[in-house]
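In order, the protein sequence lines correspond to chains E and C. Residue numbers are given in numbering that gives the first Met the number 0: position 76 of the first sequence equals residue 75, and the series is strictly consecutive. Residue numbers are given in numbering that gives the first Met the number 0: position 75 of the second sequence equals residue 74, and the series is strictly consecutive.
What the hints contain is simulated information worked out from the structure, not anything from laboratory work. Keep in mind it's a predicted model, so treat the numbers as computed, not measured. Check before you lean on any hint, since a few could be wrong.
A few chain E residues facing chain C, derived, Cβ under 8 Å [claimed, not checked]: (1) I23; (2) L26; (3) R109; (4) N168; (5) Q222.
Glycine is no exception: its CB is placed at the ideal position from the N, C-alpha and C atoms.
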Amino acid sequence: MKLQQFIAKHSQHILYGTAGFTAIGLLFDYAFHIEIIGLIALIIASIIGVFPIAVKAISALRYKIVSIELLVTIAVIGAFAIQEFHESAIVTFLFLLGDYLEKKTLAKTRQSIKDLTAMAPTTAQVKQADGTVATVDVDDLDKGDIVLTHVGDQIPVDGHITSGQGYVNEAAITGESELVAKKAGDSVYSGTILEDGDLTITTDQVGDMTTFGKIIELVEEAQDSKSSAEKFIDRFAKYYTPAVLVLGILTYIITRDLNLAITLLVLGCPGALVIGAPVSNVAGIGNGAKNGILIKGGEVTAQMSKVDTMVFDKTGTLTVGKPEVATVAYFNGQTPDDLSAYLTKVQEIEQNSNHPLAKAVVTYLKAQGVPADQEAAPQVTTIKGRGLYSEDEDLLIGNLALMTDHNVQISAADKAKVEAIQHQGRSIVAVAAAGALQVVFGISDVLRPNVKATLSSLRQAGVKRLVMLTGDNEQSAQAMAQGLGFDEIHAQLLPNEKLDWLEKYQQQGLHVAFVGDGINDSPALAKADVGVAMGSGTDVAIETADLTLMNSKFESLYKAYVLSRKTNANTTENIVIALAVVALLLSGLLFGLVDMATGMFVHEASILVVIFNAMRLLRMHQRSAVNKENHQVIYEK
Amino acid sequence: MAKVTLKLGELTCPSCLTKIEQGLKQTDGVESVKVLFNAGKVKADYDASVTTPEALADVITGLGYEVKSTKAVEA
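The following block holds chain E by itself, in its conformation from the complex:
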């Protein structure tokens, strides 16, 4: 259908034409009193104006959709029938003007996501088999390709650095523009910018499969995923528009007053109602995306704004998640040298584990120069939430519960020694061999910056209950949480016990958000009303959580909470504005106060009002930056 494309291309010219002829018409009619010219001009204006509206109305009708355009078209034809050319010209002009302004302002609310997509790389410098370098479109890249990047280049793929070093701006992924130092072996992400240095990168992921590609896809889908309120409005609008049409026809049949009937059609247009709620979400989610907060759709903002209970995982969420061995205690009067054979075994076993505590132990033992075969992978039995057991070596590595389970005898003096370490807020990795305790590693993890200030801001903003759930031991959990202002702390939990707590809160009628680091917390993230992941860009985090803090900054949680509430409030405001306008216009009509042209004016104005209202959400960043400064003050006190 070439006609529609023609109209789309010339919509601005059509608008100017209608505007011009309407102006001429009114001028001749009222200023010069040459009514015949005025009349002709108004008729021309109406015909030019109604043409694109009618074409849209008819094409929608072919798919059995009663559109707003159909209401307006019928109204204009009706106005012609009763020779109300003033009204028909003004109505078509206002409708087209409204359409044009709607398009312009809507584009503004979509700007954040556009800015994001614009950051997507388009080409890459790829090293060829013969040693030359060629420029390749990113769509044609493959895993394993060697990509070269220089200062100022955008990194075109997800990959790891094979040689070179530099500073990278990862704002596209994290929303933070601080430069990150990168060297050989480090991972780099597509869409980030190399500000300094030269990197040779081996490609791991390309195009839509990169973290950046997934973020864009997610945000795009999120902006269109509707909350239940929106779905309700959608269903409402679907029946509302045809109902207005039927009402108009009935009015004409009963009163025989065509003027009243067509005025009703114009007033009944549901424009602001249809656009109001989605536009708030687009703006809110767009703002989040730009600041490293990924919100998966309108339902998430609705749920998040209801949250009154926030449950936090400890390791990796409240803490940085990079534990280090801070204390080591040896038992039975032994020295590290006496135990070197065991320590080698411990390292060989632990190097195969992904557990953060195991990693800390391996790092420590390596630094101490304990020899170990790096390829070794001894047979072990993992005991969930406890640790592990090597039958071959008769070696137990894990927490104290593991020791108790396996009847390891611990004297009162030794027990006091271990408890002293726990009271310092450290997690314990105990090693027992031949039924006796040999070594205990005390591992500490650093609290993330601004945890305390953020928790207190959240409480001020309306979160009633703050809970910490951890698999770690009671003492270290208590020591870590001291002074942070938690209402409840539950320690030594297995993953499924964390779920039980969430369920318990939900049964009490609380709205629960779970904040975790996204990898081992997936079930809890899924179970909670809102799952919040502290993601450092891991796929699991992005996929499971409802809301992801890409920059892993704890204070972003406060921003996400406030943004969700503002977005949700904004949606409600827009729905109220839209309904109020329709109610106002219809009652105005009942008392004979509104004619067709004013009706159309108010109607179009209300559409712009809801869009402008939503645009307030785009500016929220500055305001919360101020809050962040306040945070700092509270924190330092």
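Given chain E, put chain C in place with the hints provided.
Below, chain C without anything else, positioned relative to chain E:
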């Protein structure tokens, strides 16, 4: 079954969304359609033995919307 993503020109009216969705659903070989209104994209699953991404792009063009690019992923 194959997937295709079509990038369209800017969509401004919610009723365009329904039109495109209905139009594609009525095309032979199309299994499911998702129109991303704000992103101006259409994602569709289709049977590669019955129809082609180009044919789907033609349907959308026929409805009066501009198709900027077509990206197919065979699965």
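Which numbered hints does this structure break? The structure conflicts with hints 1, 2, 4, although it agrees with all the remaining ones.
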